[in-house]
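A.B. asks: Here's the letter readout for the chains.
2 protein chains.
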Amino acid sequence: MKASQFFISTLKEAPADAEVVSHKLMMRAGMIKRLGAGIYNYMPMGLRVIRKVEAIIREEMNRAGAVELLMPVVQPAELWQETGRFDKMGPELMRVKDRHDRDFVIQPTSEEVVTDIARQELRSYKQLPKNFYHIQTKFRDERRPRFGVMRGREFTMKDAYSFDRDVPAATLSYQTMFDAYKRIFDRFGLQYRAVAADTGAIGGEISHEFQVIAETGEDAIVYCPGSDFAANIELAEGVPLLSQRAGATQALAKTATPGKSTCADVAMLLGLPLAQTVKSLVLATDELDERGDIKKTTVWLLLLRGDHDLNEVKTSKVEGLKAGFRFATVAEIEDHFGCKPGYLGPIGLKKPVKVIADRTVARMADFVCGANEPDFHLTGVNWGRDLPEPDVVADIRNVVEGDPSPDGQGVLAIQRGIEVGHVFLLGTKYSKDMNATFLDETGKPQLMVMGCYGIGVTRILGAAIEQNHDERGIIWPAAIAPFQVAICPIGYDRSVEVKAAADALHQELLDAGMDVILDDRGERPGAMFADWELIGVPQRVVISDRGLKEGALEVQGRREAEASKVAPAEVGAFVKARLSA
Amino acid sequence: MKASQFFISTLKEAPADAEVVSHKLMMRAGMIKRLGAGIYNYMPMGLRVIRKVEAIIREEMNRAGAVELLMPVVQPAELWQETGRFDKMGPELMRVKDRHDRDFVIQPTSEEVVTDIARQELRSYKQLPKNFYHIQTKFRDERRPRFGVMRGREFTMKDAYSFDRDVPAATLSYQTMFDAYKRIFDRFGLQYRAVAADTGAIGGEISHEFQVIAETGEDAIVYCPGSDFAANIELAEGVPLLSQRAGATQALAKTATPGKSTCADVAMLLGLPLAQTVKSLVLATDELDERGDIKKTTVWLLLLRGDHDLNEVKTSKVEGLKAGFRFATVAEIEDHFGCKPGYLGPIGLKKPVKVIADRTVARMADFVCGANEPDFHLTGVNWGRDLPEPDVVADIRNVVEGDPSPDGQGVLAIQRGIEVGHVFLLGTKYSKDMNATFLDETGKPQLMVMGCYGIGVTRILGAAIEQNHDERGIIWPAAIAPFQVAICPIGYDRSVEVKAAADALHQELLDAGMDVILDDRGERPGAMFADWELIGVPQRVVISDRGLKEGALEVQGRREAEASKVAPAEVGAFVKARLSA
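Residue numbers (full-length UniProt numbering), protein chains in the order written: chain W, 1 to 581; chain Y, 1 to 581.
Simulated from the structure, these hints should not be mistaken for lab results. Be careful, since some hints might not be right.
Copies of the same chain look alike in the list, so a pair counts if it fits in one copy or across any two.
[Unchecked claim] Straight-line Cα separation of at most 27 Å, DSSO-like style, residue types lysine-lysine; simulated pairs: (1) K130 <-> K351; (2) K182 <-> K2; (3) K565 <-> K2; (4) K576 <-> K2; (5) K2 <-> K354; (6) K354 <-> K260; (7) K432 <-> K130; (8) K565 <-> K444; (9) K12 <-> K88.
The task is simple: from the sequences and hints, build the whole structure.
C.D. replies: Structural data, given as C-alpha cells:
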C-alpha cells in the first residue's frame, strides 16, 4: 500500500489526559482518537492491528473446534432478568429502553444470550460438546474510564462459551481453550503468563488469566521459575514461612513505643527485625434481621507479620467472612480493644473478638504486637502462654518475592502483568438459572456444564505497547504490526531511480504476501523516519540516490541500534528472511 | 470443514411470525435466530455469508481508495446536537444515558462522528479528497420491525463518507463510489439496478439506490430497456403523454353519474376510455404565525388523468408545497367546492383554490371531471374555454409501464426492487452544521463537500434470497454462499471406500482454496440432501458405494433439475471448473 492511499496522522505531543505510555503512544501514532470518555474511534492505523489480532484469534479458535456466530450488541433485558444480572449488576451495565419502553442492555458479555441459544439448539447429549464464540463490540460503563484502550467503555472482545455434558467433559473443553489461548498469545509475539486466578464475580470453579508481562501492569503475578506454578497474587497460596513454632525464650513485657504506631517504626525503635512484629487489622461483619437492620455485629482481629500485606480476596474466603466484611469503625475498635488504632493486639481485649492469624503468625514465637494501650507495645508474646491459640489460622496475606513456592519446587518471583485473557470453568451457574438442559442417553434432562473464555481484543493493543516501546515509540511484534515493512524513499518525487527502486521493492514484497507500506508522502527524511519509529513498524528500508549509487541500502529493524547495509538487489530477500525468522 | 465441527440447525417449518420468503428460509436454514423484535443472532451458517459479503465490500472499497476505520456504536449526544439530529430524529434514534446522566445515541449512521474526525484531521486541501468507511453494528428502533433482516432493528452496515474541496471533486468521489458499488454488486452475483433516487431525509444533491431485483421488493424501479435510464418511481420523470393539446370538439355538458364516485366507474357508465377522465385530489397547506397557530390555510386541487396515481415525492417539490402539505379535510373540501369528495372538479369553485394540473392533464381536451355537485360529472371540458389555465403545470404522477422514457430512447418498464445500497452527494449539509472546514491554497477556510455511501450488509442476505430461491430453499450465488460445495457421503461411517473417497475429495477441494463442507453427520440421504437444498449450497456431490462401483458420482448444481454423472477421479476437477466458470 502507498501512504498516499492510506491515512497517517501522527502527533508530536500526547494529549494531557493520556496517563500511561500505551495511551500516549496510541494517540501520538494516530491509532485511536478520543470521541468521549472511554470511547475511541479506531483510526485506520489502529484498526489494522485490531484486524490482525482478530484474525489470529479466529484461526486458533476455529482450529480448536469453536464455531463463530454473532450475538447482538443490544440485548433484551428478559434474559438478563432470568439470571438476575439485570438487577444485580451495578451501573457498569448500560441499560436502555426502546420506543415501547421495553428494557434492553448494551452487552458487556453474552452469557445469557448464548445460554438461551444453547437451551434451544443443543437438545441432546449427541450435540455436545459445543463451543460458540463471537468477536463483538462490548460496552461497560466504567466509573472512571482511563488509560485509553486499557480501561475503555466501548471495546471489542472475543468471548467463547463451551457447553458440556458433565464436569470431566467441561474440563477437557477448558483445557482445549487454555491450549488455544497459549497458541494465540504465542502467535501475537508477546511475553505472557497464564496464571491461576480468582473466579470473582463471574463465579465458577477454575479460572486462569492470561497476563501480558509489563512493568506498568495493574496485576501482580506470582510464578516459580523452577516449575509451572503461576497465579495471580490474589490467589497465590502463601505457605507458612516457619516450619514449626519455636518455644518461648522471652518473658512477656510491655514496652513504651511513644508515637510509633507502625510495625516498621516499632521494629526500628526496639532494634528488632520487622519479621518479629505482628500487625493487627480489625474487620467487622454484620448480621441483618428481616427488615435489613443490623441484628448483630462481629468484630474480627486479623494478625499478619509486620512485613506482610493483607490479601482481601483470600480473606473473603475465610469461614464467617464469605458473606462480605468491612473494616471496623474507630468506635467499634475502641469499644472492643479499649484503644485507638496503631497500638492494637490480641491480648487484653475488652469484648469478644474473633482472632484470625495468618499461617506464618500462628507459628511465630517471642513476637511483638500492640498492647491495646496508646504508645505501648508488648514484646516476647507467645501463643498458648500469653494468649489462647487463634480462633482461625488461614492464608490471608499476599505472597512476596522469595517465598517458597506452594508446589515445593523453589521460591516465588513476582512480575507485573496486564490481564488480556481470562478462561473460566463456570459449571452450572448460568445453565441452572436459565434451565439449560440436554437429554442424556436415558432421555433424562441434565444441566449443561459451561465454560467461558474471553480475550480483550482492543486491550491487546495497549498491553502489547506497554510491553514493547522505547523513547521513540511503539515496537510492534511483527505478527500484529499495522505494517511489517515501511519503505522510505528519499526523493520519491524527484529521483527516477529512487522511485523505480522503491516501486519495485514495494511490488516484490507485496507479491511475497508481506504487509508493506511505501511512504510516498514527500515528508523530509527525519520526519518520515520519526513517524515510522513512533508507529513501530518492525522493518524500515531507506531508498536513496546515494544508497543506490553506493550499492548499499539501509535496512533497520525497529529494535536495532544500527542499520544493516544491503545491496539493492538483495533487499527484498533480506527483509523477507528477517520477517520469516 | 466437516459438518461435525460446524453447527447446522435446520427447521421443517418456519415460525409463524416470518412473513416473507427470505425471513422464512433464513430461519429454516438456521442462518439467523430471533432474540427479540428485529434483533437476531447471526448463527454460524448466516455469519459465513455475512463475512463473504463484508470481504467483497472491503476489497472493492479499498481498491477504490477508501480507508477503513471503526467508529463506536455508542456515540456522545453532543455531536448529534450540533447537527440537530439528536432532537429532530424520531424515536428510531435510540437514546441512552450513562451513569453520569450524560446523553448518548446508539448509532444508526455516523455522519456526525466522521465529520468530527474530518474537521480535526483534514486541515489542508492537500489532504483531500479522503474517503473513510467502516463496517459496524447499527441500531434503528423501527416502529414495526419485520421481514427478518430486511427491516431489523440491529443490523450491520458499511457506511463510507467522502470529503472533497468542492462540488466537482465531490462529484468525482461520488462517481468512484458508484463504480465501486457496481463492482461490489456484480461480484455478489445478484441482479440489480442502480437507479436515480430521491435524496429524502438525508438531504443532499444527487443520489442513487442500488436495488436488488425481486418481485417481493418494496420499491418500484423504472428503467428503459433501450437506454441507461433507471430511477426509483419516486423520482422517475413522467413526460406529457400528449404531444400537444387538441382543440375542443365537444360542448361542456353536465351528466348524471349517480353513485359513480371513481373515474373508473364514470368511464364505464359513460362508455369512455379511462384516459378521458380527470381525477381531483385536494391538499392543504397551513401558514403558521409566530405562536405556531394557523394563520392562513391554502387549498390545492391536484388534477391527474383517471388512470394515473399521485406521486407524493414529486408533489412535495412543487413551489408552495415544499414546506409540507396534508390532505384537505372533508370540511375544507365542502367549504371550497360546495360538494363532498367523489364529484369534485376544477369548475365552479366556491372559494379560491390553487389548481395544479399534471403535465398530461394540462394537454387534455374534451375531458370528464366532477361537477362539484353530488352524483354529477361534467363532460367535454376544455382548458381556456370552460375554465382558466391551471395555476401550475407539474409532473406529479407515477410513471407507468409503456410511458415514453424521459431520455427519448424508448418506453419505460417497471420492476420491483429491494434497496440494499444508497449513495448520496451530500454537499455541505453536515460540514456547515459542524463547521468542518479545510484551508485552501490561499489559507482561507472552506467547507468540505461530502458524500455518503451505505450498503446494508445483513440486508443483502435477505435480498439475495428474495431473488434466488425455489420451493426447496435458498439458491445462493457462489460468491456469497456459506459453502460452495457440500460433499454428501452415503455411509461415511460404514463404508471404507466412501469415507476414503469423501475425505480425499474434501482435501482436494480445500487444497484448491474452495469453501467445502463434508457432511459427516450420519443423516439419512433424503434429510441430508434436503438440508443442503434448503441451505442453498451451489454444488452438491454425492459419494456412495454404488456410485463408486459404477464409476459415476452425482454432482448436482442447486439450480439444475438433473444431476451430472462424473467419474470419481474427475469429480474434483469438474466441481472446480463449475465454480470458476
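A.B. asks: For each hint, tell me whether it holds in the structure or not.
C.D. replies: Comparing the hints with the structure gives:
no. : hint          : in the structure
1   : K130 <-> K351 : neither (56 Å within a copy, 75 Å between copies)
2   : K182 <-> K2   : between (35 Å within a copy, 25 Å between copies)
3   : K565 <-> K2   : within (24 Å within a copy, 50 Å between copies)
4   : K576 <-> K2   : within (19 Å within a copy, 35 Å between copies)
5   : K2 <-> K354   : neither (71 Å within a copy, 61 Å between copies)
6   : K354 <-> K260 : within (25 Å within a copy, 97 Å between copies)
7   : K432 <-> K130 : within (18 Å within a copy, 53 Å between copies)
8   : K565 <-> K444 : neither (72 Å within a copy, 46 Å between copies)
9   : K12 <-> K88   : neither (45 Å within a copy, 40 Å between copies)
Figure legend: structure checked against the earlier numbered hints; hints not met, in rising order: 1, 5, 8 and 9.
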